[in-house]
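Participant: With mature numbering (1 follows the signal peptide of the UniProt record, and there is no 0) as the guide, the letters of the sequence shown map in order to residues -22 to -1, 1 to 209.
Treat the hints as calculated values from the structure; they're not laboratory data.
Computed from a predicted structure; not experimentally measured.
Glycine residues also receive a C-beta, built at the ideal position from the N, C-alpha and C atoms.
The reader is advised that the hints may include incorrect statements.
As the list claims (entries may be wrong) - Pair ranges (Cβ atoms, derived):
| no. | residue 1 | residue 2 | range |
| --- | --- | --- | --- |
| 1 | S17 | T188 | 21 to 31 Å |
| 2 | I160 | G96 | 30 to 40 Å |
| 3 | P181 | G74 | 22 to 32 Å |
| 4 | P121 | C72 | 43 to 53 Å |
| 5 | N123 | L45 | 22 to 32 Å |
| 6 | V94 | N123 | 24 to 34 Å |
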Amino acid sequence: MRAIIAVALAGAMLFWAALAQAACVDNVVLVHGNAGSPSDFDNTYTELRARGYAASQIFRPGWGNRLCPACNDHSGTEETPVRNALVDAIASSCTGRIDVIGHSMGVTLAARQIDVWGLKSYVDSFVGIAGAYRGLWSCGSYPWNGWTSTCGAQGLSIGSPLLNGLAGKKPGARAYSIKSNIDQIVCSTGVCTVGGVHSSTIPGENASYTFATGHFGLLTGTAVTQANLIQ
């Protein structure tokens, strides 16, 4: 009888160990855009939870001044919440790695923190949604017309020191972009490309997905695609 119980217990332990292993996924960091909020990612959060992610595995830092979008850039107080989320997600990840999904300015803000703090080796997949990795023509070309922080040296003017620092750098083992040719922000001047390349594309990306929707629809309407890309 003891032998039978021992075998049963051993089998149960193997079962639960296998179940625990199956539930071990990368922690995910969701970085909202300029003047946005963590709730902007509610659809993505709901999709991840439906796929078995625990709430503790999803990090949604809030950053920036929501009342003054032009005041925000990629340096200073905007950095701290995002950096802390990335570091905390890595520290508590059961895989030792994380996935990062950013929207709009959250794309470049997350990428900068990954670059500055040498976190790329911990990033399994990076998904950039409606980002301006190559800048915004509405911000002009650096150093001209950068009247606001968002368009300044640490902002999204074409050729800014910030963007030059990110040029050619893939922010994870895998990288994907989700973009649109009717994006009201990235394509606000009627031109979506910089140097012939869509500004939302990411250096070294594994794939890019184009949707016929606007800047915010790219975030709220692609939750399934986002989740698929990090799994």
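Participant: Output the numbers, in ascending order, of every earlier hint that fails for this structure.
Facilitator: none
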